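K.L.:
Letter by letter, the chains look like this.
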Amino acid sequence: MTLAGVLSRTGIAAAVAVSGVSHAYLYIHGYRHIPTIGTAFLVQASVSLALAALILVGGPAWLRWAAAMLAGGSLVAFGLSRTVGLFGFSERGWQPSPHAALSAVAELLTVGLCAVFLVEGRRARG
Amino acid sequence: MTDAPHTMSRRQLIRHSAWFGAAVGLAVVGGEVISHVAGTADAARVQGRPTLRFAQVSDSHIGFMGKANSNVASSFSQAIDRINNLGYTPDFVIHTGDLTHLATPDQFDQVKQMMTGLGTPHVFTVPGEHDSVDDAGQKYRSAFGAGTRGDGWYSFDIAGVHVIALVNTLNLKKLGRLGVDQLDFVAKDIAALPSDTPIIVFSHIPLFAMYPDWGWGTDDAAQVLSYLRRFSSVTCLNGHVHQIFSKTEGNVTFYSGTTTAYPLPHPGDGPAPKPVTLPAAQLRDALGIREVSYTRGQNALALKERTLQ
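If you're matching them up, the sequences are chains A and B in order.
42 is the number that numbering that gives the first Met the number 0 gives to position 43 of the first sequence; each next residue is one higher, with no gaps.
237 is the number that numbering that gives the first Met the number 0 gives to position 238 of the second sequence; each next residue is one higher, with no gaps.
Incorrect hints may appear among the rest.
List of simulated lysine to any residue pairs, SDA-like, C-alpha gap at most 25 angstroms [claimed, not checked]:
#: 1; chain 1: B; residue 1: K303; chain 2: A; residue 2: R91
#: 2; chain 1: B; residue 1: K303; chain 2: A; residue 2: P95
#: 3; chain 1: B; residue 1: K303; chain 2: A; residue 2: A3
#: 4; chain 1: B; residue 1: K187; chain 2: B; residue 2: Y210
Worth flagging that the hints you see were computed from the coordinates, not collected in a lab.
Please read all numbers here as calculations on a predicted model, not as lab measurements.
Go ahead and model the full structure; you've got the sequences and the hints to work with.
P.N.:
Here you go:
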């Protein structure tokens, strides 16, 4: 694998891990008591951390797509919770700070890096 | 193996399956670890009992007669049975308003009689707008106002938690209103409390802007919330909207509770919040009570929503 490939892999893994750790932190510090949202945070955190570890050790490309879909889904859920609500739950702005912003940036980065990976992969295959 | 680009050899299939299995296994292990960390953070849970446990019931609307629930007294009885069969004795039960539908003396008598059946040392209430339809809450205060201040507001301390019960239904225009006297009461009431005191606030109408077009908000709530900003944990529980909803704003978490009488539409779903008629089985799922527990050292209260089934 090229240096660029290793860097891209490491970057995606790091971004996914940051999102997972943020969700795990919020789950432990109170969100687990919110119906449905608590379970969703636990699933998001555990799947993110698993994907981050496997992407880092060189797992196949579909792991990155899974990470991108998870990050995209998390961003959609974030948007819903700030607008129409999600499972009867809503929050305002970037609360809880700094974890909301941290997660959103990490998830945007995950989606962006995966898109770059896709474009580069297609270019390499000609 | 052919040259076709999308076929997969058995070896590749096994390899991908192994990665998939690893992903699932790691996710399960990760979930277990996170749950375990969350569980051990809850030190008192290890000792088997939260510091404070209470139940919330709301919007019983005793006296309501309509298609949406032809027997609200029976539903409220089921709610009382549900609370009495939680498996423990709640430290108190709070009814967050609209005890009655039309605030008649008979309806107050009936709901008060029924609530004597609650297996708990203390029953607290706040009035809803249906409890003060024609007398600014006088009949409500005659029935439930003992020991309260002003127009029925009060506070108390229990298990290290400071509880404030507010009345925001008496000076209704469109939104709920607390008024200057009550705001003064809150400011003085909390002045001497350390900032790490957990605060629980009860009111009938939400203290957050859930849907102002339908009056689901309190126009001077920002003032009272500004007094509470310095506290690390503030939990506001309300009724009025007949549905479960939650929202966080900084250090404050708001939880709207469901009803024991009849559901209302989701915010903005239709022109007005009129009772929704559901098939019997669905109605039982929409009605319920709420268990709330607090464990010392934790910022958040734990909530469990229970249907009347």
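K.L.:
Hinted pair, alpha-carbon criterion (25 angstroms max): K303(B), R91(A). Please report holds or violated.
P.N.:
holds (23 angstroms)
K.L.:
For the pair we were handed, K187(B) and Y210(B), check the Cα-Cα distance against 25 angstroms.
P.N.:
violated (30 angstroms)
K.L.:
Need the status of pair K303(B), A3(A): alpha-carbon distance at most 25 angstroms?
P.N.:
violated (49 angstroms)
K.L.:
K303(B) and P95(A): Cα distance at most 25 angstroms?
P.N.:
Answer holds: K303(B) to P95(A) is near 22 angstroms, not above 25 angstroms.
Of the hints listed earlier, those the structure fails to meet are numbers 3, 4, in rising order.
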